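Student: So the sequence lines, in the order shown, correspond to chains V and A. Counting in the working numbering, the first sequence runs from 1 upward without gaps. Counting in the working numbering, the second sequence runs from 1 upward without gaps.
The hints are simulated quantities; they were obtained by calculation from the structure and are not laboratory data. Please note that a few of the clues may not be correct.
In this list, chains with the same sequence are indistinguishable; a pair is considered to hold if it fits within one copy or across any two.
Taking lysine-lysine pairs in the BS3-like style, the calculated list, with each CA pair at most 25 Å apart, reads [said to hold, decoys possible]:
1) Lys-201 x Lys-226
2) Lys-146 x Lys-189
3) Lys-14 x Lys-190
4) Lys-162 x Lys-14
5) Lys-54 x Lys-179
6) Lys-349 x Lys-30
7) Lys-7 x Lys-54
8) Lys-107 x Lys-7
9) Lys-354 x Lys-14
Computed from a prediction, not measured in an experiment: that's the story for all the values here.
Number of protein chains: 2
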Amino acid sequence: MQFELTKDFLEELKDDIARFDRNAVSSKVKELHAADIAEILDEVNLIEAQFIFKLLDDELGSDVIVELDEDVRERFLASLTDAEIAEYVDQLDTDDAADLIGELPEKRQEDVLAQVDDDEQASDIAQLLTYDEDSAGGLMATELIKVNVNWNIVTCVREMRKQAEDVNQVFTVYVVDDKDVLLGIVSLKKMLLNSTRTLIKDIYKEGILSVEATMEAEDVAKLMEKYDLVVVPVVDRQHRLLGRITVDDIMDVVREETSKDYQMMSGISENIETTDTVWIMSRARLPWLLVAMFGGIAGAMVIGNYEHELQINPQMAFFIPLVVAMGGNVGIQSSALIVQGLANDTLSKDGMIKRILKELMVGLVNGLACTAVLMVYSGVFGYPLELSLTIGASLLAVILFAAAFGTFMPLTLNRMKIDPALATGPFITTSNDIIGLFFYFMIGRLMYGPWLQEILASY
Amino acid sequence: MQFELTKDFLEELKDDIARFDRNAVSSKVKELHAADIAEILDEVNLIEAQFIFKLLDDELGSDVIVELDEDVRERFLASLTDAEIAEYVDQLDTDDAADLIGELPEKRQEDVLAQVDDDEQASDIAQLLTYDEDSAGGLMATELIKVNVNWNIVTCVREMRKQAEDVNQVFTVYVVDDKDVLLGIVSLKKMLLNSTRTLIKDIYKEGILSVEATMEAEDVAKLMEKYDLVVVPVVDRQHRLLGRITVDDIMDVVREETSKDYQMMSGISENIETTDTVWIMSRARLPWLLVAMFGGIAGAMVIGNYEHELQINPQMAFFIPLVVAMGGNVGIQSSALIVQGLANDTLSKDGMIKRILKELMVGLVNGLACTAVLMVYSGVFGYPLELSLTIGASLLAVILFAAAFGTFMPLTLNRMKIDPALATGPFITTSNDIIGLFFYFMIGRLMYGPWLQEILASY
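Can you make the complete structure from the sequences, with help from the hints?
Tutor: Right, dumping it as structure tokens:
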């Protein structure tokens with residue numbers, strides 16, 4: 001029942017297509033789920049994809065379109081006429097239909113909508129297109145089952161039968177008043193357990209959670225996750241019922257948000273996958289590499305100020321990578337904790353100062369531990385005292401600075417309404433590197449100064 | 001309707017508790033959702049938490065326990081008697097109950113189960129405890145509604161009324177044969193739309209997706225995401241219906257998995273939050289810092305081999321951070337792409353060699369771009385030709401190596417059934433650093449060799 005796309009399957013399928021063997025192709029794909037067919041279409045070329053696609057009926061075809069990779073879908077839609085797209089749109093739930101049309105060039109959107117047969121569907125979609133893509137309104141579908149609070153169960157069931165024809169999955173039956181204001185829900189379970197003459201007003205549940213259409217998608221996701229909701233109703237300012245958001249759409253929001261954070265940390269600036277072209281992959285990655293490179297050049301300038309010292313004590317150069325790496329690692333640890341806390345809504349309620357103090361404590365514990373190990377090492381290998389003290393002191397300084405900076409940056413970005421995940425990317429690591437080099441060489445100049453020798457000599 | 005926990009609210013609540021004002025506390029929390037109350041309990045101390053908790057009824061209390069942070073829950077359960085826990089367990093869905101009992105010390109598990117009043121609930125839980133926590137069996141709940149394929153709708157509704165008392169949310173009605181083998185589902189919609197004498201066998205849907213109890217949780221998550229499932233039935237080897245998994249439990253699996261990957265990349269070895277103690281936070285972060293430090297020491301040893309060269313050409317030291325940073329960044333980019341592709345199941349179907357070649361192409365494009373920028377820079381600043389060639393060549397070498405290594409490692413780890421995310425952590429970045437230093441100084445020794453001077457002199 002579960003399908004796994006293999007290389008062999010793909011090869012066979014491509015052979016069938018090359019022989020224009022419609023029956024063979026059809027028998028291979030017709031029993032598959034739309035998501036599986038989309039997976040296949042993502043892997044073959046456009047001509048092959050069109051060949052397969054033309055063998056599907058409208059309903060399956062429309063589901064397949066929704067499941068395609070965005071770039072494949074774009075090429076696909078470009079190859080279809082307005083009327084063809086309109087037919088697929090007619091088959092879809094309003095939320096998927098609006099997403100699909102939203103991806104079309106603006107002037108094409110109206111042309112396609114004008115060709116949709118079902119006027120109600122068309123006007124619902126047009127309405128959905130007015131909402132921001134990343135808002136509750138942009139996520140919701142208008143298909144739902146609602147009953148009037150004054151009806152009894154018999155009337156409800158009769159009305160629900162009518163409405164149910166448009167609704168694929170009945171999750172919840174919403175209860176509204178005469179003005180369509182959302183009052184609550186009535187569970188199918190309650191309707192099963194009570195006599196058919198019972199009035200809805202006597203069995204419905206008040207005070208259910210709802211979201212306004214303008215709420216941000218990420219906030220909707222947090223809400224549904226926190227309260228373990230499978231579906232949440234969407235209302236307007238007057239609390240009139242507009243639609244509903246189901247958890248599978250939310251799962252996509254969560255995935256997208258976490259991959260955005262993940263990519264930011266890995267220094268990738270676009271949403272790319274291994275299936276993208278070399279060119280797209282290079283483009284998504286070059287910006288951060290250039291940031292890192294300019295950071296490296298800035299670092300070279302910092303070190304350049306100490307050329308004379310390096311000539312006398314080339315051993316100073318040995319520990320450059322160590323100091324830089326430790327600053328980078330501690331900074332990422334601190335900022336990643338904050339970014340994840342913000343994303344999951346699990347941040348403690350402390351203020352900024354308290355947070356930074358706590359991070360400094362952690363930095364102190366780990367900094368002392370690392371420094372101790374390093375002192376032992378440099379003792380065993382007989383490095384000069386000046387060098388050991390320089391490494392130890394600058395390691396501690398770098399760790400403490402990186403911990404505080406790594407906490408401060410994402411919190412500040414977040415307050416400024418900038419994506420805090422920026423603080424986990426190469427930009428901040430690079431700043432940490434440069435500051436670390438400053439510390440290291442400044443402390444080095446201090447330690448190699450005459451005072452230490454004088455103290456040692458006086459014993 | 002939606003609750004936001006503020007500092008002021010917490011302060012007031014703590015004041016009320018300090019004055020033992022049960023009514024004030026009760027009025028503050030009794031209208032809240034279990035998830036909100038749990039959030040409050042996570043923020044106050046154990047004594048205060050117990051004070052609040054004792055004001056809740058069993059049903060709300062049991063929901064609150066489930067929502068608590070794991071460490072808070074552990075302390076909480078330790079303060080309750082076996083009988084008290086058993087009462088809460090009785091109120092919960094079997095999946096949550098099994099998770100709760102699973103967290104108790106082994107010898108206490110039996111004691112608590114023995115005190116659960118409802119024998120069926122107790123034996124269901126005991127059964128669930130036998131499954132691996134990270135398997136479908138470990139995620140499923142046994143509460144579900146099932147009907148026999150030979151019944152008609154009237155019989156079904158009668159039987160469903162009985163079963164529905166134990167089930168909080170009716171998602172799906174499963175259809176089984178006399179031996180409890182899962183045959184399909186019948187939608188409530190179909191039951192609404194057909195006459196009450198219709199037989200289930202005439203309206204049920206065959207061939208639905210199910211998972212075996214031994215399937216890994218992550219695979220269940222991928223399946224439910226791919227096919228947009230809200231609930232999936234769990235069966236045994238003989239395809240007998242055992243339970244069902246709902247999407248909210250899957251959301252937790254997805255969150256956990258992505259935060260695991262995120263933490264691995266940020267060099268944090270335990271699942272920690274900003275609310276944890278300084279000690280726990282330090283402990284979770286020290287291991288990776290030590291890895292980075294030993295990497296730094298190894299780097300120092302590599303550079304140590306070139307002390308003589310550094311004395312003559314201290315400018316070589318200037319670009320150590322640059323070479324190291326570029327290798328680290330490219331390596332993370334490449335491995336993060338693979339790790340995310342594996343997690344989302346969006347990896348292209350190419351083999352290892354083809355993948356590495358593609359990464360090398362990307363590395364070549366970006367490497368040449370970065371090298372070009374660097375050459376311009378070093379020309380403007382008048383660095384010696386030997387140094388410019390050293391930086392340029394080693395940059396390209398490091399980027400190509402890091403791209404190939406960053407692709408190879410996570411794929412290989414994955415084949416060896418080791419978490420591929422390990423390849424994005426400090427371990428691999430550190431290896432890249434060391435290799436980068438090798439390249440840089442080896443190429444440097446070559447470039448500063450006599451041959452280049454001889455060629456230049458001959459012009």
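Student: Take the hints in turn and mark each one as holding or not.
Tutor: To see whether the hints hold, each was checked on the structure:
1. For the homomeric pair Lys-201 and Lys-226, neither the shortest alpha-carbon distance inside one copy (28 Å) nor that between copies (39 Å) is at most 25 Å.
2. In this homomeric assembly, Lys-146 and Lys-189 come within 25 Å of each other (Cα to Cα) both inside a single copy, at 16 Å, and across copies, at 14 Å.
3. Taking the closest pair of Cα atoms, Lys-14 and Lys-190 never come within 25 Å of each other, the shortest separation being 53 Å inside a single copy and 39 Å across copies.
4. In this assembly of identical chains, Lys-162 and Lys-14 lie within 25 Å of each other by CA distance neither inside one copy nor across copies; the values are 44 Å within and 53 Å between.
5. In this assembly of identical chains, the alpha carbons of Lys-54 and Lys-179 never lie at most 25 Å apart, being 45 Å within a copy and 42 Å across copies at closest.
6. Proximity of Lys-349 to Lys-30 under the C-alpha cut-off of 25 Å is restricted to the inter-copy arrangement: shortest distance 22 Å between copies versus 54 Å within a copy.
7. Taking identical chains as interchangeable, the C-alpha atoms of Lys-7 and Lys-54 lie at most 25 Å apart only when both belong to the same chain, with a minimum of 23 Å there against 60 Å between chains.
8. For the homomeric pair Lys-107 and Lys-7, neither the shortest alpha-carbon distance inside one copy (40 Å) nor that between copies (50 Å) is at most 25 Å.
9. Only between protomers do Lys-354 and Lys-14 lie at most 25 Å apart by alpha-carbon distance; the minimum there is 20 Å, versus 62 Å within a single protomer.
Going down the numbered hints, you'll see the structure goes against 1, 3, 4, 5 and 8, while the others check out.
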